[in-house]
Amino acid sequence: MTVNEQLIKDDLYEAVNGEWLKTAKIPDDKPATGGFNDLADEIDKTLMSDFEKMTSDSSTQSALMQEFLNYYALAADFDRRELEGTTPLKSVLEPLENLTGLADFNAKWANFVLAGYPSPLNFDVDADMKNAKINAFFAAAPKLILPDKTYYEADNQQAEQLLDVFRKMMTKLLGALDYGEEDVKKVISEALIFDRDLVPHVKSAEESADYSKAYNPQTFTEFGLQSKNVNLQVVVKQLLNGQEPEKIIVTEPKYLAAIDDILNEAHFNEFKSWLIVKTVVSLSSFLSDDIRVISGEYGRALSGSKGPKKQQKFAYYLAMGAYSGIVGEYYGHKYFGEDAKTDVQRMVEKMIGVYQNRLANNKWLTSATRDKAILKLNKLGIQVGYPDKINPLYQKMHVDTKKPLLENAMGFDQLATEDMFSKWNQPVDRDLWEMSAATVNAYYHPFKNIIVFPAAILQAPFYSLEQSSSANYGGIGAVIAHEISHAFDNNGALFDEYGNLNNWWSEADLAHFKELSQQMVAEFDGTEYAGQKVNGTLTVSENIADAGGLSCALEAAKAEPNADISAFFINWAQVWRMKASTQYMQLLLSIDVHAPAKLRANIQVQNLADFYATFGINPGDKMYKNPDERVNIW
1 MTVNEQLIKD DLYEAVNGEW LKTAKIPDDK PATGGFNDLA DEIDKTLMSD FEKMTSDSST
61 QSALMQEFLN YYALAADFDR RELEGTTPLK SVLEPLENLT GLADFNAKWA NFVLAGYPSP
121 LNFDVDADMK NAKINAFFAA APKLILPDKT YYEADNQQAE QLLDVFRKMM TKLLGALDYG
181 EEDVKKVISE ALIFDRDLVP HVKSAEESAD YSKAYNPQTF TEFGLQSKNV NLQVVVKQLL
241 NGQEPEKIIV TEPKYLAAID DILNEAHFNE FKSWLIVKTV VSLSSFLSDD IRVISGEYGR
301 ALSGSKGPKK QQKFAYYLAM GAYSGIVGEY YGHKYFGEDA KTDVQRMVEK MIGVYQNRLA
361 NNKWLTSATR DKAILKLNKL GIQVGYPDKI NPLYQKMHVD TKKPLLENAM GFDQLATEDM
421 FSKWNQPVDR DLWEMSAATV NAYYHPFKNI IVFPAAILQA PFYSLEQSSS ANYGGIGAVI
481 AHEISHAFDN NGALFDEYGN LNNWWSEADL AHFKELSQQM VAEFDGTEYA GQKVNGTLTV
541 SENIADAGGL SCALEAAKAE PNADISAFFI NWAQVWRMKA STQYMQLLLS IDVHAPAKLR
601 ANIQVQNLAD FYATFGINPG DKMYKNPDER VNIW
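Read left to right, the sequence shown gives residues 1 to 634 (UniProt numbering).
Worth flagging that the hints you see were computed from the coordinates, not collected in a lab.
Warning: the hint list may mix true and false statements.
As the list claims (entries may be wrong) - Pairwise CB distance ranges, derived in the manner of DEER restraints:
1. Glu466 - Leu21: 42 to 52 Å
2. Gly85 - Asn131: 48 to 58 Å
3. Arg630 - Glu507: 38 to 48 Å
4. Gly307 - Arg80: 34 to 44 Å
5. Glu265 - Asp50: 35 to 45 Å
6. Ala559 - Gln414: 51 to 61 Å
7. Ser189 - Asn626: 27 to 37 Å
8. Lys22 - Gln312: 57 to 67 Å
9. Asn503 - Asn562: 24 to 34 Å
10. Leu510 - Gly616: 33 to 43 Å
11. Gln61 - Lys396: 10 to 20 Å
C-beta atoms are modelled at their ideal positions from N, C-alpha and C, and glycine is treated no differently.
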């Protein structure tokens with residue numbers, strides 16, 4: 001890729017992506033386009049084409065793939081969905097509409113949770129943060145209607161506009177469900193009153209970004225004493241088939257402490273309306289196409305998307321959501337394969353070696369902490385391409401073509417929920433993937449100390465044999481090292497080599513690390529973007545991972561015999577190209593733990609001496625940053 005290096009002195013991101021930004025068009029049904037998005041679109045087109053061909057010849061398909069194709073066909077049968085109308089959702093709403101009071105809800109609460117209804121407490125099973133080999137029981141606060149509690153602050157100008165869109169959408173949806181005009185107004189008003197009652201007690205996105213604050217274990221007795229209005233112990237025992245957990249990990253203790261102020265007989269009507277509204281919002285897209293389009297109005301207003309997805313694409317996404325592992329297995333084997341899996345595995349191991357060398361030569365860690373860091377690195381699990389085994393849950397998922405789409409979907413949700421609760425107090429499966437191999441992304445799991453690189457991200461512009469090794473290191477190399485760095489970001493650093501929340505740092509080392517982390521917060525905090533400002537605290541973990549990943553990938557690139565450091569930095573900037581609606585950029589600034597793509601591309605390179613040397617960046621150039629302002633952690 002040829003780039004005017006003089007322009008890089010002012011803005012690396014614009015120099016690399018400026019021409020593309022001038023002509024790039026955001027699809028009407030999406031809020032953004034760019035590196036990750038475009039790659040995902042191409043994969044979707046390929047798979048949709050493949051599945052269309054498969055439907056004409058079912059004889060060669062595996063039983064699991066055929067189940068997916070059956071569900072995909074059911075989702076795409078909009079004529080049938082039109083004939084069924086709103087009847088499937090009316091049947092789902094009936095138990096909520098017939099609730100007579102809090103005691104009635106309490107008696108049915110566990111069944112509602114298993115069936116996939118909204119809940120005043122979200123229950124979950126995941127690795128115990130202090131004994132990561134065993135699955136524990138978690139309790140969390142529900143999600144708000146607006147994206148984050150900061151939207152409810154008095155000076156937030158978007159809130160009322162968004163709530164107006166929400167009210168209008170819900171008026172149409174409830175009207176289509178045969179609610180009378182006065183009942184529509186009442187249900188929406190009450191639901192929004194209940195939603196606002198939650199706001200003072202729930203965490204913001206910034207507060208939720210600190211994983212360690214989510215670990216607040218309570219004994220079963222302590223948990224039960226949190227409410228006099230509902231029997232918390234009964235619902236937990238029912239979800240766990242009569243078993244009593246010794247402890248429940250409460251992620252938002254402030255919310256649980258206020259549960260009786262929120263959930264009581266005086267507020268029951270508001271709560272009931274909230275349950276109805278939340279259910280309608282989550283399930284309307286399974287009905288007719290008109291209803292499906294209406295149900296997306298609020299989401300499109302949030303993101304700035306101009307229009308809904310076309311029917312076939314929407315049906316594909318819906319079916320993919322239920323059978324993501326099956327689709328991922330197909331994609332991984334057909335378009336990635338064992339040879340590529342082995343090659344990328346070697347690349348990951350090489351990056352781990354680079355990281356280990358950097359840790360061994362680290363100047364600010366004491367030897368004891370350094371040894372612990374290297375131990376954690378050596379215990380890091382690596383998952384590349386696609387999983388070696390399919391989640392056995394898929395064997396239970398059978399499509400009943402005689403039943404409506406919504407009924408099938410809720411049946412699958414119930415199977416998944418029951419499967420999740422059955423894993424309580426069982427050993428954690430470190431090999432179970434939580435992301436489809438057809439997803440353009442990667443992740444680090446702090447409770448399992450594993451890094452996962454799905455097949456979908458392991459292609460151009462991130463990785464290609466047609467790119468130079470330096471360009472590949474600026475793409476997938478930086479992504480790999482980014483995920484490794486999450487083991488040592490402000491969250492990951494709190495967990496040991498087994499994924500336990502356990503301080504393995506010396507007191508002095510931890511204090512210094514926190515100082516460096518605050519420097520990273522300050523480097524991004526308050527930066528103007530899309531008419532708002534970046535929250536450096538919200539994004540600090542991802543920024544630390546970006547910095548460590550880019551720095552380590554650069555070291556690996558420089559070690560290659562034909563190193564081209566210019567190509568390294570140019571591909572780094574290219575993979576972050578993104579064109580998005582203003583609404584979407586502002587939404588991400590409020591809730592996303594990642595900094596805006598342009599800032600990820602530009603700010604991180606300003607911390608590296610090789611960037612200045614490669615492009616002749618000097619004082620007076622816009623990309624120049626004084627040495628004492630540059631942040632280097634890993």
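Hint by hint, here is what the structure shows:
1. Glu466 - Leu21: 42 to 52 Å: Violated - the Cβ-Cβ distance for Glu466 and Leu21, about 24 Å, lies outside 42 to 52 Å.
2. Gly85 - Asn131: 48 to 58 Å: 50 Å Cβ-Cβ, so the 48 to 58 Å window holds.
3. Arg630 - Glu507: 38 to 48 Å: Given about 26 Å between the Cβ atoms, the range is violated.
4. Gly307 - Arg80: 34 to 44 Å: Violated - the Cβ-Cβ distance for Gly307 and Arg80, about 24 Å, lies outside 34 to 44 Å.
5. Glu265 - Asp50: 35 to 45 Å: 55 Å, violated
6. Ala559 - Gln414: 51 to 61 Å: 52 Å, holds
7. Ser189 - Asn626: 27 to 37 Å: 55 Å, violated
8. Lys22 - Gln312: 57 to 67 Å: Since Lys22 and Gln312 have Cβ atoms about 31 Å apart, the given range 57 to 67 Å is violated.
9. Asn503 - Asn562: 24 to 34 Å: 44 Å, violated
10. Leu510 - Gly616: 33 to 43 Å: For Leu510 and Gly616 the Cβ distance comes to about 39 Å; the hint holds.
11. Gln61 - Lys396: 10 to 20 Å: Once the Cβ atoms are compared, 19 Å apart, the range 10 to 20 Å for Lys396 and Gln61 holds.
Violation of the numbered hints given earlier is confined to hints 1, 3, 4, 5, 7, 8 and 9; the remaining hints are satisfied by the structure.
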